[in-house]
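Asker: Chains as they are written, first to last, in our numbering: chain A, 1 to 607; chain B, 1001 to 1247.
Hints are not guaranteed to be accurate.
Think about it this way: if two alpha-carbon atoms lie no more than 30 Å apart in a straight line, the pair counts; the simulated DSS-like pairs of lysine-lysine are [said to hold, decoys possible]:
1. A:K316 x B:K1219
2. A:K316 x A:K487
3. A:K601 x A:K119
4. A:K295 x A:K601
5. B:K1219 x A:K341
6. B:K1080 x A:K341
7. A:K341 x A:K119
8. A:K341 x A:K122
9. B:K1219 x B:K1097
Some residues of chain A that are not near chain B, with every Cβ distance over 12 Å (derived) [said to hold, decoys possible]:
10. I3
11. G28
12. R98
13. W107
14. T116
15. E203
16. T314
17. Y322
18. L333
19. A445
20. R478
21. H505
22. E552
23. G596
Computed footprint of chain B on chain A, listed as stretches where at least three residues anywhere in the stretch have a Cβ under 8 Å from a Cβ of chain B [said to hold, decoys possible]:
24. 159-166
25. 189-202
26. 346-357
27. 514-524
Bear in mind the hints are in silico, worked out from the structure with no lab data behind them.
A quick note: this is a predicted structure, and the numbers were derived from the prediction, not measured.
Just so you know, even glycine gets a beta-carbon here, dropped at the ideal spot from N, CA and C.
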Amino acid sequence: MQIIHTDLLTIGAGLAGERCAIEVAGAGFSVVCLSLVPARRSHSVAAQGGMQAALGNAIMGDGDSPDVHFLDTVKGSDWGADQEVARMFVEAAPIEMRRLAHWGVPWNRVVAGTHTYWKGGKPFDATEKAENHGLIHSRAFGGTAKWRTCYASDGAGHAVLYTMDNRAAQLGVTVHDRSEAVSLIHDGETCHGAIVRCLRTGELRAYLARATLVASGGYGRIYRASTNAIICEGTGLSLALDTGVAKLGNMEAVQFHPTGTVPTDILVTEGCRGDGGTLLDRDEYRFMPDYEPDKAELASRDVVSRRMIEHMRTGKGVQSPYGEHLWLDIRHLGEHHIRTKLREVDEICQNFLGIDPLHQLIPVRPTQHYSMGGVRTDKTGAAYGLKGLFSAGESACWDLHGFNRLGGNSLAETVVAGGIVGRNIAEFLQGYDTAFSTAHVREAAARDEARIRRIVSGADGKESVYAVREAMYDILERAAYVFRNGKDLTWGVQALQEVHERAQHIGLASDGVGANAELALAIRMPGMVRLALCVCHGALMRTESRGSHTREDYPERNDRDWLNRTLASWRPGADLPHLEYEPATSYVELPPGDRGYGGGKIIPAAS
Amino acid sequence: MQRSLTFNIFRHNPQDPASVPHMDTYRLDETDSMTLFIALHRLREEQDPSLKFDFCCRAGVCGSCAMVINGRPGLACHTKTRDLPDTITLLPLPVFKLVGDLAVDTGTWFRAMYQRTESWIHTRAEFDPAAQEARMENEVANAIYELDRCIECGCCVAACGTANLRPDFLAPAGFIRVARFAADPRDERTDADFYEIIGSDEGIFGCMGLLACEDVCPKHLPLQNQLGYLRRKMGLTVLKKLLPFGG
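Excised from the complex, chain A in its bound form (with noise of 0.2 Å):
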């Protein structure tokens, strides 16, 4: 078996994995990062909007600053943020920017004058100042007081991606790609790196490393629908977790956004509701005025979610060959507004669902968005529970989002803390030293390859993976999606318990050679079921709805019991995640309050 020493191996080169390379190769250490698909290809590069900054250049930015960047972030996290994370982000955000934009990313920038902007679907005119010309410009996002989304035209994370991946090009930074982690190497107390397979030929290769990051992003596709990109499985999360000593932060807490597309689950803007979009059940009917009379389809993101899916659960869904889904009408918006203002809707519609939304009503779905719970780390990025383990972007519980994470934040996060946690490690690996154990590697690799041989013979069963799958996509979609309740959970840890078990009979269909994507889904759909168990028992344990944690049970936010992390672990041998809780944040800058939307009571916390 070949063995790979490194410094610092990245299990991802997404933007968080490869802005933590560039800064430990900057500092003369060796840098391997491991990425499922050629790392361009990383779901980073699908984010259009935007990075969240408080430069205040733009005149609807004007008057921003980081302390306002900071109470939209607490606020939009429901209190459930870390508050010296958020501190560090806002105030290291303005300067990342302007590091990328010397890096090469096109920002767009400031034109003095007078122009047309939307609000709420309305134009109106701003005049931009003059001494604020060619400096980076900023648009509008949901939940924050002041316009400070930093973007390039549509597509900033796929700018930002290939900017920061040249960057990495230029300072030799190796990225293996097709080549998945399959296990961590460690002893229960330090972390020295990953056996990892080459989803090319199959091989097994042992890297070992002096600091490990888990960079790899959200676990978004644990459901069936989901705006992620299909490699968004959660497998940093999972070998961390199979640690048995790492804990994961927060996993109940999964973002979603009401207007996903069926079939494939690709999201169009809110902008559409925003300009006078409505949504329509099977019988063409209006439903969401007999909900919210006063917003309507203007109501928050969670509520329109939450009543869409009560709409369907009383029969009047449109059923598809792809499953249950209501209509999006624009039509009646017009022509022109429809190829000008909404374009980027009208192509997703012409080219991935062929139909003309001029004409044609769009099939849509509460689909999920994001991914709030990850590894958790301390404010260093290093994990909890395993010395040498690091972690930063969606995949990491930072934490930032607390149990909602707003829109321009999210983007930013991968290179704010891809740019933090970097200098940590580069700190960290600093005068460290550690032992490899060759026992230790061997070990890791014999386990792994024993795993695969077992699933390659059919030797536990024939269990189809993608049947595995279908059932675990069936008990998260009742019980841990947008609307939750202490029956359904029940149930649904009950239920995710038996796939867990029938998990570990896999067997394949196909011979499993090379390239084999069935192999390879094999391989993590076991920890996949654990990472949808960690969703599930996290979110019945906990009685109360924050964020988008929402308990139809206890719709009441309640600090006096709940302003705290979720941390689960899985034992060796454990049929349940092991959950342990922590205070949200230790350091209070802003006491919990009202977030000014969702609605919903609050219980204080005692005092």
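With chain A's structure known, arrange chain B on it following the hints.
Answerer: Frame of chain A, contents of chain B only:
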């Protein structure tokens, strides 16, 4: 009226010594809004789990799923079956090394391209975290972004006559990368520097002018214009080198 689709798919597993390249035929009933993303996953999950192909974003932005669809390179994720006849033939992209069936290794090819074009900003300026960002005209930012929209899917490389003949050809994806940095005022490289990269038969002078690259580009990048622009620019650079009073 629901159609029954016939898929003829190229099969070969380079990791299996017994594998011989051949075509396999599958049938699938068409459903509304079916794309090749949906069709291929159904074939793999319902009929043949050994089928190899690549998808990632499935939304036309990552470039993973390029393949030859009824004779033409394109992204499978935004190809709708209803725009195709009943019989659909799928082949892997040529030029790139085969990973298996429809999956090819674009990653290695593009990383070599980054090194050849030195695909990064060349500047002597140091970043100053305390300073305001250097100003830029918004028009310039937009122009750079337009040239930076390549998603490295490889369609233009696969459709390029020269790239199919000579493996060392930089190809349209490489030229557009050079054009992106040539348009960026932050990059201090001169025309002479860029000439070193592309002023040869492996570079722009190898182009036979067939221009299939622009026809198949899923992002509709101005590959033809940029090629013409670079050629004129490089022609002038040569001229300047030859003339005693040249720049």
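Asker: Hint by hint, note whether the structure agrees.
Answerer: Evaluation of the provided hints:
1. A:K316 x B:K1219: violated, 39 Å
2. A:K316 x A:K487: holds, 23 Å
3. A:K601 x A:K119: holds, 29 Å
4. A:K295 x A:K601: holds, 19 Å
5. B:K1219 x A:K341: holds, 20 Å
6. B:K1080 x A:K341: Since the Cα atoms of K1080 of chain B and K341 of chain A sit roughly 25 Å apart, the hinted pair holds (cutoff 30 Å).
7. A:K341 x A:K119: Holds. K341 of chain A to K119 of chain A sits at ~12 Å (cutoff 30 Å).
8. A:K341 x A:K122: Since the Cα atoms of K341 of chain A and K122 of chain A sit roughly 11 Å apart, the hinted pair holds (cutoff 30 Å).
9. B:K1219 x B:K1097: holds, 23 Å
10. I3: holds, 22 Å
11. G28: holds, 17 Å
12. R98: violated, 4 Å
13. W107: violated, 6 Å
14. T116: holds, 15 Å
15. E203: violated, 9 Å
16. T314: holds, 24 Å
17. Y322: violated, 8 Å
18. L333: holds, 22 Å
19. A445: Given a closest Cβ separation of 19 Å, the condition holds.
20. R478: The claim holds: R478 of chain A sits with its nearest Cβ about 21 Å from chain B, beyond 12 Å.
21. H505: holds, 16 Å
22. E552: holds, 32 Å
23. G596: holds, 32 Å
24. 159-166: Holds: 4 residues of the stretch 159-166 of chain A have a Cβ under 8 Å from chain B.
25. 189-202: With 3 residues in contact (Cβ-Cβ under 8 Å with chain B), the coverage given for the stretch 189-202 of chain A holds.
26. 346-357: holds (count 6)
27. 514-524: holds (count 5)
Checked against the numbered hints above, the structure violates hints 1, 12, 13, 15 and 17; every other hint is satisfied.
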